Amino acid sequence: MKMAAETKVGEAEWEVKIPEKKLKDRLFFENLKAMVIDTQLCSRCLTCVSICPGGLLVNEEDVVDFPDFEDKCLDCGACVRVCPRYDYKPKSGLGDYIEFTAGQSKRFKGQDGAMGTEFIFSAMDMGLIDRGIFVDRDEQWRTSVFHVRGKEQLEKLPLGGTKYVFADILPELKKAVTFTKKGVGVVGTPCMVSGVRKLQEEFPIFKEKVKLVVGLFCTENYHYAEVSKYLIGKGVDFSKLIKTDIIKGKFVATMTDKEVKFKVAKLDDILPSGCSRCTDFTAVESDVSVGSVGSAAGFSTTVVRTETGKEVWDYIKKMGNAEVGEGKVEELDFLINHKKEREKNIQL
Amino acid sequence: MSGMKKVVAPEYNLSDKIKTHAYAIGTAMEESVYPHTATVLYPREKKKMPDNFRGYILFDPDKCISCFNCSFVCPANAIRMKEAPNNRYYPTIDYGKCIFCHFCIDSCSGGALRTTKIHDVAYKDVDEMFTSTEEMIEPPEIIREDKKSVEYVIDETDLHLKRKKERDGLFVEAVPPVEIPMVSQCVDRGSCLACKICERVCESGAASSVVEEATMTVKMAIDAEKCTGCGLCVKECSMQILRLVRVRK
Ligand SMILES: Cc1cc2nc3c(=O)[nH]c(=O)nc-3n(C[C@H](O)[C@H](O)[C@H](O)COP(=O)(O)OP(=O)(O)OC[C@H]3O[C@@H](n4cnc5c(N)ncnc54)[C@H](O)[C@@H]3O)c2cc1C
Ligand code: SF4
Ligand code: SF4
Ligand code: SF4
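Heads up: the sequence lines are chains U and W, in that order. So the first sequence is numbered by our numbering: it starts at 1 and just counts up by one. So the second sequence is numbered by our numbering: it starts at 1 and just counts up by one.
These are calculated hints, taken from the structure and not from any lab test. Heads up, a few of these hints could be off.
Here are some chain U residues pointing at chain W (derived, C-beta under 7 Å) [unchecked claim]:
no.: 1; residue: E13
no.: 2; residue: C76
no.: 3; residue: S144
no.: 4; residue: Y315
Straight-line Cα separation of at most 35 Å, DSBU-like style, residue types lysine-lysine; simulated pairs [said to hold, decoys possible]:
no.: 5; chain 1: U; residue 1: K72; chain 2: W; residue 2: K97
no.: 6; chain 1: W; residue 1: K63; chain 2: U; residue 2: K17
no.: 7; chain 1: U; residue 1: K318; chain 2: U; residue 2: K248
no.: 8; chain 1: U; residue 1: K17; chain 2: W; residue 2: K97
no.: 9; chain 1: W; residue 1: K97; chain 2: U; residue 2: K156
no.: 10; chain 1: W; residue 1: K63; chain 2: U; residue 2: K151
no.: 11; chain 1: W; residue 1: K48; chain 2: U; residue 2: K175
no.: 12; chain 1: W; residue 1: K219; chain 2: U; residue 2: K181
no.: 13; chain 1: U; residue 1: K21; chain 2: W; residue 2: K235
no.: 14; chain 1: U; residue 1: K17; chain 2: W; residue 2: K219
no.: 15; chain 1: W; residue 1: K219; chain 2: U; residue 2: K89
no.: 16; chain 1: U; residue 1: K24; chain 2: W; residue 2: K97
no.: 17; chain 1: U; residue 1: K211; chain 2: W; residue 2: K63
no.: 18; chain 1: W; residue 1: K63; chain 2: U; residue 2: K207
no.: 19; chain 1: U; residue 1: K72; chain 2: W; residue 2: K226
Computed from a predicted structure; not experimentally measured. From the three backbone atoms N, C-alpha and C, an ideal C-beta is built for every residue, glycine too.
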């Protein structure tokens, strides 16, 4: 974005195209609500919340909502422009890629090979970005979102590692985009990656400032209230919890003194409706996707998809920041198909 | 050592010696009859202060544009902005913290803050030193006992205290701010949401929007003739795509 140093009087006029309304004579928020939220399609990616200048938010029940929308919705249509599920075109499969590989960071500890973290910090070292958006958690494993600008922040906060609860990443990304000088890197689930791409399609500021999008493999995520209740019922003590993981169909909660294990299928009752209508396992729209399945323990499967992703991956290898492992494509088949089957839950 | 000047004691001849002795005796006699002081007899006398003296600070809400500059710049954190009944934010000063640097006055975009020559306010406790916006508008209650103003004059031989039978004024006109004509401009039109927040906050009617239902477009405009360069839209724009730019003449 270049800033004009001077301006001539009377030259500031521009046009903004707003989308068609599916429900005429209703506010755009009511359109979003009718088409996405009430139809249970909403993935809680919060793309809409990130862009809304009015007061769209995620309420106590963890549902996208707009109290007093009659008064406060500015009817700008930004929400429906960016919502990946408004004109939902479900994506699935492994997607295009340049390199299918695996990595283990030599610098960081993470969920698997800490490649999520490594990609952001290598991009920072390269000068591609000056901040990354990470998910932090409190003692009770409630998530909050953190702008990371230097490695020392990782020493104090549990920013790496998977939290199986939704996190409000995109609203923070929007803030970061207005602050950053060089650019921002973001790590998110496939629904968020799609949200970022929509934001980039619609608004040049996101295209210019979001430089690296790291996608995570994802079967599903959970609402805090529900999953925490379930885990406490299973004997999980949050103050002792150090890691949550899903390995071979089992949910594993590792505490300082013991482990709680059970079949993930047990969590089907609390599977969020948006996830049950999500078919993208590998974040096909990312610059690079990382996940657990498809590589040896201690490694992150790494799917390099775009030129940007490749540049950072090459840098990681050149600097020797990570051990390169082997990625096995066929190991992803089961979960890719499992998610593709969810197409049947989508009624458009 | 080279570069050093040698100090040579002046050589006095007899007539010089007599002259300086006479001067010394004369001064001694003068002082014994009519003693001079090197100090100001405050509060009966007051030193004459220069117009840029950094004293008690006064505030004019009509000139304040609530830009918060003063509170941001204050190195002692003495200024807090408080919401006034008219929904505007105005400064308050905690004189328990103020170090009288007057950065606030220098930074004031509207020329709403100004100095005075008041330097002798008494407070009964620390709480009282917190000065609300209302208290900043009018000067504090002043009881003046001074009848003379004193000026320090330095000539080549000595420092003199020049006393005048007049009172120095305590109030100084605010230095009018230098206006750099600025207008708001959109630097990334493609990222505009047409949320029209700029139009809502603009107090001079410069930002406007027209919705064309037929083509589903919104025509946004910022009229540079009407724009006062206050920067409210720049601050409030939800996409942060407005900037203040200098007007080309
Ligand atoms: C909800 C969820 C479900 C997942 N399901 C699978 C799965 O079924 N199969 C599989 O192979 N892999 C899955 N993953 C990915 C896997 O758990 C690891 O995140 C991935 O392998 C990267 O590990 P890492 O060590 O390279 O990353 P790390 O270096 O540990 O970085 C992890 C990154 O994930 C971010 N993160 C953590 N929690 C969240 C969250 N709730 N939302 C968004 N971002 C978050 C962190 O900010 C960090 O940037 C899932 C991840 C999440 C968040
Ligand atoms: S203000 Fe705009 S983005 Fe927010 S709900 Fe209304 S139409 Fe959607
Ligand atoms: S899917 Fe995402 S963008 Fe769409 S309504 Fe839900 S949270 Fe908002
Ligand atoms: S406030 Fe910003 S985004 Fe909203 S209409 Fe004005 S310029 Fe566009």
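Status of each hint after checking the structure:
The closest approach between the C-beta of E13 (chain U) and any C-beta of chain W is roughly 4 Å, which is under the 7 Å cut-off, so the hint is satisfied. The beta carbon of C76 (chain U) comes within 4 Å of a beta carbon in chain W, closer than 7 Å, and the hint placing it at the interface holds. Because the closest C-beta pair between S144 (chain U) and chain W is about 22 Å apart, greater than 7 Å, the hint is violated. At its closest, the beta carbon of Y315 (chain U) sits 29 Å from a beta carbon of chain W; the interface hint therefore is violated under the 7 Å criterion.
The hinted pair formed by K72 (chain U) and K97 (chain W) fails the criterion: a straight-line CA distance of about 41 Å is larger than 35 Å. For the given pair, K63 (chain W) sits about 39 Å from K17 (chain U) by alpha-carbon distance, which is inconsistent with the 35 Å threshold. Simply put, K318 (chain U) and K248 (chain U) have alpha-carbon atoms about 33 Å apart, close enough for the 35 Å limit, and the pair holds. Taken as a hint, the K17 (chain U) and K97 (chain W) pair is broken in the structure, with Cα atoms around 52 Å apart against an allowance of 35 Å.
Our distance criterion of 35 Å between C-alpha atoms is met by K97 (chain W) and K156 (chain U), whose separation comes to about 34 Å. Distance hint between K63 (chain W) and K151 (chain U) is unfulfilled; the C-alpha atoms sit about 46 Å from each other, more than 35 Å. Taking the CA atoms of K48 (chain W) and K175 (chain U), the gap is about 53 Å. The hint is violated against a cut of 35 Å. Proposed proximity of K219 (chain W) and K181 (chain U) is supported: the alpha carbons are some 30 Å apart, at most 35 Å.
The suggested pairing of K21 (chain U) with K235 (chain W) holds, with an alpha-carbon distance near 30 Å, which does not exceed 35 Å. Between K17 (chain U) and K219 (chain W), the direct Cα distance comes to roughly 9 Å. Compliance with the 35 Å bound is thereby established for this hinted pair. About 31 Å separates the Cα atoms of K219 (chain W) and K89 (chain U), which keeps this hinted pair within 35 Å; it holds. Between K24 (chain U) and K97 (chain W), the direct Cα distance comes to roughly 59 Å. Violation of the 35 Å bound is thereby established for this hinted pair.
For the given pair, K211 (chain U) sits about 44 Å from K63 (chain W) by alpha-carbon distance, which is inconsistent with the 35 Å threshold. The suggested pairing of K63 (chain W) with K207 (chain U) is violated, with an alpha-carbon distance near 41 Å, which exceeds 35 Å. Distance hint between K72 (chain U) and K226 (chain W) is fulfilled; the C-alpha atoms sit about 27 Å from each other, no more than 35 Å.
Consistency note: the structure conflicts with the earlier hints numbered 3, 4, 5, 6, 8, 10, 11, 16, 17, 18.
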